[in-house]
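J.: Take the sequences, apply the hints, and build the full model.
Chains L and E, in that order, are what the protein sequence lines are.
Counting the first sequence from 1 gives a position; my numbering is that position plus 682.
Under my numbering, the second sequence has 197 at position 214, and the numbering climbs by one with no breaks.
For the record, the hints were derived by calculation from the structure and aren't laboratory data.
Quick caveat: nothing in here was measured; it's all calculated off a predicted structure.
Among the hints, a few may not be true.
Dumping the calculated BS3-like pairs for lysine-lysine here, alpha-carbon to alpha-carbon at most 25 Å [as the list claims (entries may be wrong)]:
no., chain 1, residue 1, chain 2, residue 2
1, L, Lys746, E, Lys327
2, L, Lys746, E, Lys0
3, L, Lys746, E, Lys265
4, L, Lys746, E, Lys(-14)
This is what each chain is made of:
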Amino acid sequence: MKTLSNLKYSKTHEWVEFLEDGHVRIGITDYAQDALGDLVYVNLPIEGDTFDAGEVFGDLESVKAVSDLYTPVAGTVAAVNEDLLDAPETMNQDPYGAWIIELSDIGETEELLDDAAYEALCAEEA
Amino acid sequence: MDKKTPLYACHEALGGKIVPFGGFLLPVQYPTGINAEHMTVREHAGIFDVSHMGEALLEGPDAVKNLNRILTNRFGKLAIGGCRYTIMLYEDAGCVDDLIVYRRGEDRFLLILNAANADKDVAWIKDHLEGDVTFENISDKVGQIALQGPESKEVIAKLTNVEALPTKYYTFKENLTVAGVNCLVSRTGYTGEFGYEIYMKAEDAPTVWKALLEAGALPCGLGARDTLRLEASMPLYGHELSDKIDPLSAGLSFVVKLDKPFIGRDALLAKGEPKCVRVGLKAIDRGVLREHQDIYLGEEKVGVTSSGTMIPGKRQSFAMGYVAREHAEVGTVLEVDVRGRRIKAEIVPMPFYNAAK
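T.: Here it is in structure tokens:
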């Protein structure tokens, strides 16, 4: 399992990248993509949607199942990665490159883990 | 408590993701993933552990008479070495199970049952046997491996005498030596692709499995088995068939011989034309159709899906479902309620895939 030290992680297996302009990008972790299996579809929110921390912002579909996507950070959707609609497998192949949404106007944030703490959590779950 | 098949240790060694299915612990996929496993069967050759399937022997002078009465198909003229698909009905015309009957001799038959239904099937058959027959559930003694894909023959050729293999679809040969193991091999499968199903003593299954891997087959799990059978529009009990669904609604009239008596026939005839029929659906909008989703024409609910997924390689979602007969024509555009969102889907012919001849 791969993690990156410049990212923060939620206990629900999303990664969060804090960008220099104050926005954040959210995607799913390597552990999550491996557990879900081949991803075939993502239901994305639209720009301007607002979410509270811990709220479902979309869902991911593998061949076998549907899984909710949570944002650990409150904010407004500034951009969605529409490339994933045509190539959802990017989330399997390059989970840390395949950001799903970008949020602005960041509010409350749930407790986030650094890479070491996140790896420990995954080891516990596995 | 879920049972392990004789190949359980092989699945663990290969990194299979194990899930409970039909009372057994089986791999839903290997590290290669469902997409790659599906495409391997369409383009090369894959193997599946199907040892969970039930097997039973029916033998004796009255065997044919019993099969003809308990099952919807006809067995008198089935050749020795032939396989025949059939339905088994309750008195009310709901399905007990769908199964395949192998004729091993004039009075000797092998029945292949769905894993989750095997105990129920065996009890039902025992209760309805008449005359001079013996019936034995041998499920726990038998291992079964499905070898499927256009390169299946090249793969098995490395392990057995090619001349001895069955050639015609829905035929089988007994006492073939595959990787040194005595096997029954049939030209059957659940993928819509060329291939074989190989039966052996449970304890010999790992030898054959490992030899097939070495011969070039890729291990495939239940996930790919489901996407492949769905693409081939083959019914799955619990989805397209159940004790609430009759075989004529399911479009299986070709295995229901109404001109002979069998259990459930009177109820089936009394039902008349099916009100809902099985259809194939292709999503027009983006999204993934799944089972148990309501189907609408405008505001009117006209049906429900029974199975659905994204078909690997097609990048498009397909489903099967039951739709009111008056709206079930190919080309009709309906809407499916996918978790609160309406997705347009068109009724298309089944199967969604045809193997190259």
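J.: Hint by hint, note whether the structure agrees.
T.: Taking the hints in turn, this is what the structure says about them:
no.	hint	in the structure
1	Lys746/L <-> Lys327/E	21 Å, holds
2	Lys746/L <-> Lys0/E	13 Å, holds
3	Lys746/L <-> Lys265/E	17 Å, holds
4	Lys746/L <-> Lys(-14)/E	22 Å, holds
This entry satisfies every hint, going by the numbered hints stated previously.
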